[in-house]
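Please model the entire structure based on the sequences and the hints provided.
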Amino acid sequence: MSMPNDVADKATAGVAAAEAGTRELSYAEAIREGLAQAMEADERVFLFGEDVGVYGGAFGVSGDLFHRFGAARVIDTPISELGIAGAAVGAAITGMKPVLELQFSDFVTLAMEQIVNQAAKIHFMFGGRASVPMVVRLPGGSGTGAAAQHSQSLEAWFAHVPGLKVLQPSTPYDAKGLLLAAIDDPNPVLIFEHKLLYKTKGPVPADAYRVPIGKAAVRRIGTDITIVGTSIMAIRAMAAATRLADDGIDAEVVDLRCLRPIDFATIAASVKKTHRLLIVYEGVKTMGIGAEISAMIAESDVFDFLDGPIARLGGADAPLPYNPVLEKAAVPQEDDIVTAARRLVHEGRA
Amino acid sequence: MSMPNDVADKATAGVAAAEAGTRELSYAEAIREGLAQAMEADERVFLFGEDVGVYGGAFGVSGDLFHRFGAARVIDTPISELGIAGAAVGAAITGMKPVLELQFSDFVTLAMEQIVNQAAKIHFMFGGRASVPMVVRLPGGSGTGAAAQHSQSLEAWFAHVPGLKVLQPSTPYDAKGLLLAAIDDPNPVLIFEHKLLYKTKGPVPADAYRVPIGKAAVRRIGTDITIVGTSIMAIRAMAAATRLADDGIDAEVVDLRCLRPIDFATIAASVKKTHRLLIVYEGVKTMGIGAEISAMIAESDVFDFLDGPIARLGGADAPLPYNPVLEKAAVPQEDDIVTAARRLVHEGRA
Amino acid sequence: MTHAATPSATESASAPSAGHAGGSGSGSGASASAIAQRPALAALDDATLAAALSKMHLIRKFEETAEASYMRGLIHGTMHLSIGQEASAVGSTLPLAVTDYILSTHRGHGHCIAKGADPALMFAEFFGKENGYCHGRGGSMHIADIEGGNLGANGIVAGGLPIAVGVGMSIRMQKQKRVCMVFFGDGATNEGAFHESLNMASIWKLPIVFVCENNKYGMSMDIARAMAVADVADRASAYAMPGSSVDGNDLAAVAAASSEAVARARSGGGPSLLECKTYRLRGHSKSDRNLYRSKEEIEAWRENDAIRRLEAELLAAHRFSEAQLREIEHAAQRTIESALEFAKASPDPDPRELTRDVYAQ
Amino acid sequence: MTHAATPSATESASAPSAGHAGGSGSGSGASASAIAQRPALAALDDATLAAALSKMHLIRKFEETAEASYMRGLIHGTMHLSIGQEASAVGSTLPLAVTDYILSTHRGHGHCIAKGADPALMFAEFFGKENGYCHGRGGSMHIADIEGGNLGANGIVAGGLPIAVGVGMSIRMQKQKRVCMVFFGDGATNEGAFHESLNMASIWKLPIVFVCENNKYGMSMDIARAMAVADVADRASAYAMPGSSVDGNDLAAVAAASSEAVARARSGGGPSLLECKTYRLRGHSKSDRNLYRSKEEIEAWRENDAIRRLEAELLAAHRFSEAQLREIEHAAQRTIESALEFAKASPDPDPRELTRDVYAQ
Ligand SMILES: Cc1ncc(C[n+]2csc(CCOP(=O)(O)OP(=O)(O)O)c2C)c(N)n1
Ligand SMILES: Cc1ncc(C[n+]2csc(CCOP(=O)(O)OP(=O)(O)O)c2C)c(N)n1
Ligand SMILES: [Mg+2]
Ligand SMILES: [Mg+2]
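Residue numbers (my numbering), protein chains in the order written: chain A, 1 to 350; chain B, 1 to 350; chain C, 1 to 361; chain D, 1 to 361.
Among the clues, some could well be false.
[To be verified] Pairs of lysine-lysine residues, derived as DSSO-like cross-links and limited to a Cα-Cα distance of at most 30 Å, are as follows: (1) A:K328 to D:K286; (2) B:K273 to B:K215; (3) B:K328 to B:K201; (4) A:K199 to A:K328; (5) A:K328 to A:K201; (6) D:K175 to A:K199; (7) A:K201 to A:K215; (8) B:K273 to A:K272; (9) C:K286 to B:K201; (10) A:K201 to D:K286; (11) B:K199 to B:K215; (12) B:K199 to B:K328; (13) B:K199 to B:K273; (14) A:K199 to D:K205; (15) B:K328 to C:K344; (16) C:K286 to B:K199; (17) C:K177 to B:K199; (18) A:K273 to B:K272; (19) D:K344 to A:K328.
[Stated by the list, open to error] Far from chain D, by Cβ distances over 10 Å, these chain B residues were calculated: (20) Q37; (21) E40; (22) V54; (23) G83; (24) E113; (25) G143; (26) K165; (27) T223; (28) D247; (29) F264; (30) A269; (31) D307; (32) D317; (33) E334; (34) D335; (35) H346.
I should point out that these hints are in silico values taken from the structure, not numbers from a laboratory. The beta-carbon is built from N, C-alpha and C at its ideal position, and this holds for glycine as well.
Printed below as a string of structure tokens:
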């Protein structure tokens, strides 16, 4: 038995049923609208990063915001990832609410010090006497032929870092609502956006709604298997579920949305019902977010409800290759999800 | 039933039985001896890092090497972590075998770009036409009162990065043998050393032996529960096992030693025998290495051998606090292991 | 100026004064008659000088006491003492208002006290107590006094510099008249963060004063081996930023240079790089065996002690009497002693609150 | 020199020659009579010039062809074209031997061809083919020609600079006479990696030539907004390193400046910073809409085309005839056409080998 996505979404996300002025927007447009609304509502919010100004952002996310809010609030920066991450920290601890765009999430490797040692720890290290309300947006993922240094999915690292919150929206609706919630949040929040999703469309209410941080969304209700997906894999899981339904397999699809904290309750409730769990994510399988989800289930009382092993589909154990055929083969595709789910249901293991 | 550590160690590590000239050395001395032997045997090997020269290294590991090998092979660097990590890459791809010391593993946050985007990927990105035989030594771990920015255990991040190898020796024997194996290896190898272990002593043969990369060590043979520990937690697990034996619980202790690749076969064989698994590591529990081990077991046929949930003990969900009582409470101690193992055996869950 | 291996202790202090002291020096005690004074000293009134000297004593005594407590096993961890560098901390911060910000370093006790922190709460933090500045979570390397404008020491070399850029942006955006002063060592100037931060501060003309406390060494590496230019201030030109280098053991000289830089920042003139040449008399941290420097060098710098130099000059200029100077010192001593007692008597954190304050609510 | 918004196309080329051409220019074809030549041009013999011009054509045609293939959907991903910057790539590498190293950038096709790579294997890489330089794993942003001394393009801005330091150390330790030349853009000079690398190269006097190809923009940010000094070369002084700035569209001038820097590096004189002021005529990447610059600016720089300038000067100096120039160009055209055919006909990688070469054995 299945339910339309947005219904299931709202059911768990707690969004009011009737929303005025819902339009179809792309994921990029939804983010831009969220940024604009946050900047209109709160003078403390500003956007900065490489080429976010007149260029409109490498993926067009900031678009016309430079023209709407001016150079003082939509700020081009030099190519200095460590410096700008630190600048976000400094602005945040002294009363501003910076939103930083790192042009590709791969470049966060240059900013780890400020994000991990400073932003994540300041509130704790200073005994709660300062807080760091900053948001970092990080376009990630493969599929654009950009090869090994521009295609990574590194979000799992940050799920290992207390003090951070880590989001991965998969729909335009969540991209906007989670961004607004992140800007409200008094803690450093990283939002990993997926490059292949920027042009995907979906319904987005016009008002400045929030999607709560830390809540997974049940995108499809089912009884035979739980498929937990993150980011674009939640979308692929939904497509796979449609095909599985033709086989008589009724999959429940959970979109994780938030990697830190993980909404264990939602996953646990689902697995207690379906007795089977498949986790799908784009990051390298080993030590990807699926490892934690699997381990949380395996160490909890949900273990007793499992009919068989917990399966994971994740990125190959290789850097992302340039060749498009190899590139596709390196991360889970819809077919892989269908195959793994079938085997899990029919043979007890993937 | 238990076995002396080194016997069990040699059994799995494949080290020849008779080793001449075995002395008691500290972990730091063992590393230094390994470095010296590698530098004597191979002109391409050199050591560099902050204060490794006349100062002898922040933890005294390089000691007198500067005087023995001179300033051309034991090189003090400016405080430029990204730069020196990149310098290691450049030296490695052009015929040298650099060993880089990052003064505290926390500072690897400044060098992620070169380690993750360059070192780990060059061999693959260049189609196998260049290789990066570099070693990075990273002192990590808490327990010295150095607080949140000097006490982290970040090794799990690197287990997520294809192209790297990641080691965590717990004994002087392994510290030397794994270092020599790492220097031989044509790939970038990170060695996370534990600050609290530097002064611990153990038998170390005088010759330039190697401990194979990718092999866990069964430190104690037992039948009731498998305890997998990493780094200092393998030592604490051994102490806990001794106490558990008094309770009639016969624990098998596996020292992981290598986080990438993970020696799944050794863990699987152990769990198939004991039916219970407890994983202990110092890094933050969420997304720490135990997540992957648990998930590997939970998705394999070993799942069917489990009598109950897989338990993990890891670091608290907090930055490392300064206060010594809090600091101790933030990472697993011997008592925690004993308690968790008892509960796992007696109550089926930790 | 280059970093002399053996400093000429009184170089600046004994330089002929450029003119008479003028009126500002008049006031209490021995300073009634017009004695030749350097303009830098004359520019500081008695109350300011007394407060500055008092802070220098507080820093020195705070650290000596912390050191003694550490030796007796009362404090764990490590600590980085700034003994010998007091004039740099106090002189730099002299022109700052309470509402101005500083960002400090691993060697930050001096900055903290100079910016007005309470040594009792600092000691409590050292002792890991619940009522320390960071509730015992931070310790020596992370003392912050947010209300006093100290945005924190930092365990990461050069870690404060990028943060300063954001503080500068924040001040600008909020249309405040504040200034942000960020401290770092000579070694820190070889971090990429230094470069990125000075560049951004300069292109955006942010109200920041970059204060490099050049104490000749990173941990053990002589700055002469770690960079190719003679002075850290020489690096300012790469950012079209004013750079100056002063005798960091000369309180008045540091204060004068800092005043200029702070005024420039406050008036919209943009950032400056101020280098204070000084020396740490103790080892880098508690595990330093001083293998990289000579006893003679340390001795020579001990002769160049900033506190003694200032006192000598104040006496010579008849600004303060010996009795007044001793009273300033004794008052500092009493403050530190009671601060220590406060810390010892303070409660420990509750271990059940281990994960408190990981997230702000 | 500053980066003129509208370049004076022939500034250097038309400058009066500092002296007569001397003997080195004698040789083939039209160069028999002694026509006034700039010393920089005269210093290059005909064979060298013919080879350099040929490489400039190869680069231009390689990229135009790659662009066309991309437009027709034959190549996926993105690419960063260096059309307009050929003189910088070819001139800088002119003094290098095969055994010397280069490290290149995301905009690296020019460097690669200039260092002697085979365009057929480059195209094969672009097409993701098994016989490409990286077996189809790297693509445009990661082409490397290890045997030819190209240690790789780099997708990370300034990513090659720290690597160059290690290459320099390696050359030194192995007592080789090699030189390492590392390319990077103007935008890259704001990365911390730039600072750390130039500093280390300088303190250790490593045999490195740092070549900044200043094409006025990062992706969209004008260098005048991104740094506070006029020239990237102004930053060399922070490392006590020789820095010079040349017209990057003037092959002979670039070659002359590079020769000096390479000779210095090779003879133990240490590193240099060479800035080539040039311009990319195409957008940053395939998704650039040129919102940040004017058509007029692009047009003006198109007039300043390095290839046309060189050809005009060679003709004017009677070094080559028009027919000779056209033959050089046509030969380049033929090379590129057959390279493209080679690539198209090449085999794809086997998808089952996805995890091959993750680890070296
Ligand atoms: C990023 C980073 N690298 C290395 C260290 C270890 N460390 C702490 S202080 C220090 C020396 C710093 O030298 P300098 O900046 O001159 O400051 P000083 O200690 O002399 O006051 C080093 C290497 C660190 N804390 N952070
Ligand atoms: C570390 C890093 N930051 C950002 C980018 C995205 N990016 C690619 S090229 C580029 C502009 C680089 O400018 P410049 O160094 O002047 O080189 P140019 O493209 O002009 O040749 C940017 C921002 C990147 N690849 N790496
Ligand atoms: Mg110093
Ligand atoms: Mg550029």
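Hint check results:
no.	hint	result
1	A:K328 to D:K286	holds, 21 Å
2	B:K273 to B:K215	holds, 19 Å
3	B:K328 to B:K201	holds, 22 Å
4	A:K199 to A:K328	holds, 19 Å
5	A:K328 to A:K201	holds, 22 Å
6	D:K175 to A:K199	violated, 54 Å
7	A:K201 to A:K215	holds, 22 Å
8	B:K273 to A:K272	holds, 28 Å
9	C:K286 to B:K201	holds, 23 Å
10	A:K201 to D:K286	holds, 23 Å
11	B:K199 to B:K215	holds, 24 Å
12	B:K199 to B:K328	holds, 19 Å
13	B:K199 to B:K273	violated, 35 Å
14	A:K199 to D:K205	violated, 50 Å
15	B:K328 to C:K344	holds, 21 Å
16	C:K286 to B:K199	holds, 17 Å
17	C:K177 to B:K199	violated, 53 Å
18	A:K273 to B:K272	holds, 28 Å
19	D:K344 to A:K328	holds, 21 Å
20	Q37	holds, 19 Å
21	E40	holds, 16 Å
22	V54	holds, 16 Å
23	G83	violated, 3 Å
24	E113	violated, 6 Å
25	G143	holds, 31 Å
26	K165	violated, 8 Å
27	T223	holds, 36 Å
28	D247	holds, 43 Å
29	F264	holds, 16 Å
30	A269	holds, 24 Å
31	D307	holds, 35 Å
32	D317	holds, 31 Å
33	E334	holds, 36 Å
34	D335	holds, 40 Å
35	H346	holds, 43 Å
Hints 6, 13, 14, 17, 23, 24, 26 from the earlier list are contradicted by this structure; the remaining hints agree with it.
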